[in-house]
Every structure is written in C-alpha cells, then in structure tokens.
Amino acid sequence: MIELDVALPLPQFRLHVAATLTADTVAVLGPSGSGKTSLLEAIAGLRPKASGRITLGGEVVMDTAAGVFLPPERRRVGYVPQDSCLFPHLDIRGNVRFGMARGARARIFDEAVAILEIAPLLDRFPTTLSGGERQRVALARAIATEPRLLLLDEPLAAVDPLLKGKILPYLLRVRDTLEIPFLYVTHNAGEARAVAREALVLREGAVMFAGAPDEALRSMSLVDPEARFDNILSGLLGKASGIRETGTLVVGEALFAVPAEETARPGAGAVFSVAPEDVLVSTRPLEGISARNVHPGKVISCEASGGTAWIRITAAQLEWTARLTRPAAEELGLAPGREVWIAVKTHAFRRLR
Amino acid sequence: MTLTADDFSILLLTLRAAAIATLLILPVGILAAWHLARHRGTGRTLLETLLSLPLVLPPTAVGLLLLEALRKSGPLGRLLDRAGIEILFTWKAVVLATAVMSFPLLVRPARTAFEEIDPRLLAMGRSLGSGPASVFRRVALPLAWRGILGGTLLAFSRALGEFGATIMIAGSIPGRTQTMALAIFQRTQIGQDRAAMRLVGVTVVIAFAAVWTTEVLTRRRAQKAAA
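Protein chains in written order, with my numbering: chain A, 2 to 354; chain B, 863 to 1089.
Isolated chain B (complex conformation) (with noise of 0.2 angstroms):
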C-alpha cells in the first residue's frame, strides 16, 4: 500500500492544520489549566464548564456556534470583515475548529498535573526570593511538564481527527480544507473505500504513537508519585 501524491498533501494539510492549533491553544491551555488549578469557587467551576463543553456536544454544534459569531453579519465576523481577515472556508477555519475542540483536551490533563503539586514548593519559592511569574517558570512548570505534554499529545491527537465543527465552518474543499477525517469520509461517498483506506491506516499509525506515547508518560508520572 503506498501513499499517493493526492494522500501526501492531504497527510500534510492535516498535520499542518494540528500542529498550528496545538502550539496556539498551548499558552492559552497552560494558562488557564494553571489558574483552575490555583483558585476556588463558582467562578472557576463556571469557567471549567464552559471550557469543558466542545468535549461534550458535538461537534457539528460547536461548528453551527463558531459560524454563527463569524458569519459577516455575526459579531466577531463584522470586526474580522473590517481588518479584512477572512476566516471561513479557508484553511484557518480548520485551525479554528480544531483548536476549539482540543482546547479541553489539553487543560485537563495539565490542570490535574498543576494539582498535584505540593503547595507548599509553590510558597517555598516565593519565601526564596522568586516572584509569582518565576515560581510558575521555576517549580510548577518543570513539576507539571509531563501533564503537560501528556495533555498536548491528546489534543494534537483529536486536532488529527477533527471532523464536524471543521466540516461547518471550513468545508471540505480538496487542497485547501480537506483534512484526513473529511477525505475519508468523502472518498467512501465516492466509491473509493480503498484510497479511503490508506487515509485510515495512516491514522491509526499516527494517533497509535500519539497515545501510546501518552501512556508512558502519564505511567512514569504516576510511578513517581507512589514512590
């Protein structure tokens, strides 16, 4: 089974697109995981609900909101049609999409893991002379680094595989918004369940390696803190 010159560009349009998204939601992710883990009360549930919701509705849903906002007419569209930055059905469309629907993926996993850090580290750094800003460098980020990653592993894993909310507000359109999920899905509406197929076995290659990869990681962690 080799890939084709038409599955090479789609892989890379796909990898493209998840990458992007990832390293944007990965400063926003952290941050936020970081504040949910260090402050209590309604606010903070209120905000994790919201934050956790593209996890549980689906996703065409979640694509019908994003291009309700961004239509022309919507509120973010008129100030984006003004700068004259066109987003839907273009490429950045996907990277939306599936930055949405990866964002919780990454602050649960690094919220838990900023949890787990004793307060006390946190209060001894400042007691030693570092400020807020450099404890967070200094003690909670090298102590949550595995969470972290963990949780981008995860969210780069499902920006792979985003297909409804990419599918309503960027389309499907070969070379330009086509990512794997979509192409699979279209090639199989077309007949062509065995150039489909090699989409699917690459996939599983990438999201296996991805979650395995998770695995190890989250397993040494856990290890380390019974021991």
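Chain A extracted, bound-state conformation (with noise of 0.2 angstroms):
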C-alpha cells in the first residue's frame, strides 16, 4: 500500500497529490507536463523540496512535518527514468550490478537478465543500444536492487507506433513473476487498463481521478489530448490453423485470428495490440466481410473529443475502444447500450515485442 500525501512547488503550479493506492499495479495517467514525473521522482527522494507524507508498505518514507526525509538510497524504490539514465562509463553487465548489495542473491541478477531478455546485451555500452533495449535494461538494473517498489516512467517517443521496443509485455512478466508493486506513467490508457489494478489521473499537479482503471479511461480523451487508447489482448496462441498465415489468439472463451508467426508455439502466451482506429463498428450483423474477427457487442459508453469520437465496446467478453470520425458515430446513431457488431482485421492484431 502506498500512502502519499506530497506537495511540491513546480514552476507551472504546485503539485499536490494526496491518494492512498491499495492495488500492487498502479497506472499514473496524466497529460505532458501534469506532474507524473515530479511525483515518482519525490517517492524515490529525488525532489529535495518535496513535503508532505509517504508511506511505502507501512513505513515512513518521508513526513517532512515530523522531519523524516529518508535519502534516495534509503528508499528501496527502483525508478526507472524515461530516458533509462544508464551509466555510460559501464557496460550492461556494469550497469544490471550497479545497485545490487554486496551480499545479494546472485539469482535475482540471473532473473532479471532472463525476464527482460537481455542476456546478449550484457556485455554492449550503452550508446549501442536501441531506446527499447535501453528502457530494458534499465528495468532490469532497477529490478536487481530488490525494490520493494518499482516506479517506471515510459516515454511518449517510445509510443511508437511500429510497436517495438514496447516494455509492456516485459512489464506484465515482471508483475506476474517477481511479484514487485509498480507504478507505471503511461499515456497510453489502452496498456495502463491492461497492466494496472488501479489508475491515478493526475491534471496540473492535483489527482483528478483515482480508482479503477476501466473508469479512468473514460474520461482520458478529455484530460490527455495525446493518451491513446490501444486495445491489448493478453492471451494464448491457439494451435496453428491449416492455413499458415493465421493462428488464433485464445483470450477467455474468445477466440481472435492473429497473424501466425514462426515462432508461435501453440499454448505459448502472447500479447497483441489492436489500434482502435482499426475496430470496425456496425449497427446490423456483419456478413461477407473479409475481417476475421466479427463479434456482436453492446456500446458502454461515447466521448466526443474534436473530431474524433471514442466507442466503448464489450464485445468477446473484452472491452474494446474504437475510433471513428465524429460524424461517422452520429449517422451510427451509437449510444450506450446500443447493440452493435465489432469487426476487426487479422493483421491489425500486432504483437507486442
């Protein structure tokens, strides 16, 4: 659990956040420039003006009224910084043992190299990296220092859109494997829904929403011009279909055509992303359509934001987000609670990694 009630002054506004966040995984969502990485950087003990309140699990990280500031390195919190800081003077290997105790498990060095695949980097120099390999890396070192909290700040430039380098799957690894607490700044409200128990909205500098993460997405279009809303399918491949070019996503009781992959082995998991520009909406069952993926469904909700309107669908016992131009929505005449059918391509399902 993580208390916090932490002011500090920003030259934009004062940053005030006072939440108390029970899930171990919690998404900061949040425009550019709302605080989301003063915050993480006054939980790690970074911001010396912070003030206020944090409890991490119980203990008393800062309570500046009773005069307790413990030091960064003092904190056990693993931050790991939109740019990835790593040392240039060190190798990976340097970098991955930089923060580990002198009597630390070798193991935990071990795992962290496995779950973020970066065993043939070890012995690479930073400035040879890619920004994913980077981001990695920097989890992984984070990771070996045993946190009992991880915060992680992904950049807006690694929302890529080819999808690479994407830390998310090495993220739901890590949160399902080592069991380590995170905060994750995202803005992308697709991934924060998909990896996060609860979300924290932040809007200069003050919590505008906490709670769950379903909710929080909502209202993101609104509050994040530039938060996207990716549907991401965490599932298992299915075995291999005659055809070779389609395998099957199993996802619950539902079943999706993805793109086969080589390397696809069946029962094996896999995460895949679904643009929501790429959910097609209808209002009459879909027939003679190329798509793959035909589900019926039902509208939950419907946002208007400039140009675009944003559909919130459950369909296959997921929810889904389109993306349709405004005009495209009010010819539909979608509402919430509306019956509709959701269509989606073979080949708009990407995988992540």
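Just so you know, the hints here were simulated from the structure itself, not pulled from any lab data.
It should be emphasised that the depicted structure is a prediction, and the values quoted were computed from it without experimental measurement.
Virtual Cβ for every residue (Gly too), placed ideally from N, Cα, C.
Any given hint could turn out to be false.
Short derived list, chain B residues pointing at chain A, Cβ under 10 angstroms [stated by the list, open to error]:
#, residue
1, Ser989
2, Leu990
3, Gly991
4, Gly993
5, Pro994
6, Arg1000
7, Trp1007
8, Leu1011
Join the two chains, each given in its own frame, into one complex according to the hints.
This is how it looks when you write it as structure tokens:
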C-alpha cells in the first residue's frame, strides 16, 4: 500500500497529490506536464523540495512535518526514468549490477536478465543500444536492487506505431513472476488498463481521478489529448490453423484470428495490440466481410473529442475502444446500450515485442 | 648535447618537487572541484575567485604573501616553528610554492569535467542505493577522469616551470632548492648560456609531452561528448 500526501512547487503550478493506492500495480495517467514524472521523483526521494508524507508498505519514507526525509539510497525504490539514464562508463552487465547489494543473491541478476531478455546485450555499452533496449536494461537494473516498489516512467517517444521496443510485455512478466508492486506512467490508456489494477489521473499537479483503470479510461480522451487507447489482448496462442498465415489467440473463452508467426508455439502466452482505428463498428450483423474477427457487442459509452468519437464496446467478454470520426458515430446513432458488431482484421492484431 | 651530472641532479630535484606538489594538491583539488561543481551561490564565486588568484597575480606577489605568512613572526610561521618544522628556503618551500601556483590549473579542468556530468546520472546512482560518497567514487570520478588527468598534467607542467613564488620563499640554492627554471636564470646571469640551453632543451621535451597528452585526452573527451 502506498500512502501519498505530497506537495512540491513546480514552475507552472504546485503539485499536490493525496491518494492511498492499495493495488499492487498502479497506472499514472495525465497529459504531458501534469506532474507525473515529478511525482515519481518525489517518491524516489530525488526532489529535496518535496514536502508532506509518503509511506510505502507501512514504512514512512518521508514525513517532513516530523522531520523525516529518507535519502534516495535508503528508500529501496527502483526508479526507471524516461530516458533510462544508464551509466555510460559501464557496460550493460556493470549497469545491471550497479545497485546490487554485496551479499545479494546471484539469482536476482540472472532472473532480471532472463525476464528482460538482455543476455545478448551484457557486454555492450549503453550508447550502442536502441531506446527500447535501454529501457529494458534500466528496468533490469532497478529490479536487481530488489526494490519494494518500482517506478516506471514511459516516454511518449517510445509510443511508436511500430510497437518496437515496447516495455509492456516485459512489465506484464515482472508483474506476474516477481510480484514487485509498481507505479507505471504512460500515455497509453489501453496499456494502463491491461497492466494496472488501479489508476491515478493527474491534471496540473492535482489528482483528477483515482480508482479503477476502466473508469479512468472513460474520461482520458478529454484529459490527455496525446493519450492512446490501444486494445491490449493478453492470451494464449492456439493451434495453428490449416492455413499458414493465420494463427489463433485464445483470450478467456474468445478466439481471435491473428497473424501466424514462425516462432509461435501453441500454448505460449502472447500479447497483442489492436489500434482503436482498426476496430470497425456496425449497427447491423456483419456478413460477407473479409475481416476474420467479428463479434457482437454492446456500446458502453461514447465520448467526442474534437473531430473524434471514442466508442467503448463490450464484445467477446472484453472491453474495446473504437475510434470513429464524429460524423460516422453520429450517423450510426451510437449511444450507450446500443447493440453493435465489431470487426477486426487479422493483420490489425500486432504482437508486442 | 649531453647532460652533465649537475644537470641531472637539477632535473631530478625539479621532477621530484613537481611530483610531490602535484600529488599533494590532487586529493584537495579534486574535492574542491567537485564541491565547486555541485554548489552554487556567492560563497562559491568567492571561493572560486580566491582559488584562481595564483593564476592572475604576479607569482612574486604570491611568493611574498607566502613569505609573510611563513616568517617566524607570522601567523603560520609561529605555529610551524613551535612544531619544529622549517619550511622557508628548504626543498619543502619549493613544493609549497609550486603547489600553490599549480592548484588552480588542476581545479579548473576538473571542475568543468564534473559539471559536464548529467546530474540525473548522479541522482540515479543514489536511487540505486549508493550514498553520496559512493556515487562520487563510482559515477562522478569515472566520468570525469579525463578532465582530472588533463588538469593534473597541466598542474604538473606548471609546477616544473614555477619561478617567481619559488625564488621568494625557497631561494635558489644549488643542490637544495634550485629547480630548472631557477638554474636557467642563474646560468645565464653568469654567462653560461650553453649550459642554460641544455636545461631549456629538457624543459621543452617535458612540457611538449605533457601538453600533447592533455590535448589528446581533451580532444577525445570532446568527441565522446559530441557522439
């Protein structure tokens, strides 16, 4: 549990965040410049001007009224900044080992290296790595310190359309295998929903919303114009069908046709992303359509933001976000409760990593 | 042109004094550079100006100030006298004079090197569990070593050639305090120009090597920063 009551003067406004976060995985959302990074740095102890109270798992790391301000090295918080901040004078092995205590279990190093798949990078230097690789090394370095909390700041620049270097699949693994709680800053509300069990939305340094990620998602298009709403599907790969180019992904009881991959093994876990632009919405049953994934569903909510309409739909026991133009949404007469069909092409499913 | 036994002993005395002076100012200079790089404010500017004074004052003026401080009736001299330490006009005075004069030449490049380090890397080191001293040793020093080495070589070169302050507090006693710079002057005074030229040749070789090394190191640092 993380209890926050932090104030910090910033050039544009005064950051004040008061929240009690009970979930082990929390997404921190909000537009650029809303104070997300400053909040993480205050929790890590890197902002000497921060005041107020922070407790992590019951231990007070900061209580300025009582004169308590633990220095960063004693907070046991693993911070992964936007630009990774790897040490340029150390190779990747040296970077990952940097924060390991002298008597640390050797296993934690191997574990961090294995989970983040950085073994081939160990002898290289940071300048030769891609942005995504650096991010993974920085995450491994933080994990190797055996922190009680991870703070992860994902840069907006890493939200590249090609989905290369996505940290998300690795983050899911960290969550599921290491059980280290984390705070995850992202602009991708869809990812936030897939990763986190709680969401904190900041706006101009104040908490706009704290609660279930699904609910946070609803108002995000208004709060953060840069927010993305990728549909994240995490499931198991099914048996390859007779035709080589398509495979199947099983999510719960639903089955999706996805592009087959040569490396794919049936039964293996996989994470796919579907952009909201790639979700077609129809108010009539779809027939004679080339898309392989057609599911009936129901509209949960509609929001308009500029010329865009964001439609949330439950279908195949999942919540989807579709991005339509506003005229298209209005002509279809989409409204909460309306029965619809969604269609997604096989190749709109893009595997992360 | 071969060096005589006399030339050799002068060279040795000079190298030894310069080396001891450089080693003495190295830890103090690095720490001073680190603190100057980390802290801002009027206190810092004042300290920086004071530390740089030997660069801009006439060396003989610095020498006279040292002489005043160290004479037996002076503030420092009395303490040293009571402790039985004699400095003036001994080889220790050569070391002191060269140390004071070379100090700013070490501190300036070292300070610049520390300032060039991304402060976020230092913060990262703290967040990864290292205390301030450990971050200095494991992050700051390895990232600034080129600048520190460059400054050290500069300071050493300056120490080799120090004249004004040395002659004020150490004199020019052959075999005891007479360094190459002093010997060159003295030899020309008594008409031994060829003997003086031999020492000039030696100083040129040493200075060339030191400055060359500094250039190479700083250039590599600039390239690295550009990459």
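Comparing the hints with the structure gives:
1. Ser989: 5 angstroms, holds
2. Leu990: 3 angstroms, holds
3. Gly991: Holds. Min distance 5 angstroms.
4. Gly993: At about 5 angstroms, which falls below the 10 angstroms cut-off, the nearest Cβ of chain A leaves the hint on glycine 993 (chain B) intact, so it holds.
5. Pro994: 8 angstroms, holds
6. Arg1000: 7 angstroms, holds
7. Trp1007: Holds: closest Cβ of chain A sits about 9 angstroms from tryptophan 1007 (chain B), inside 10 angstroms.
8. Leu1011: 14 angstroms, violated
Comparing the model with each earlier hint shows a violation of hint 8 alone; every other hint is respected.
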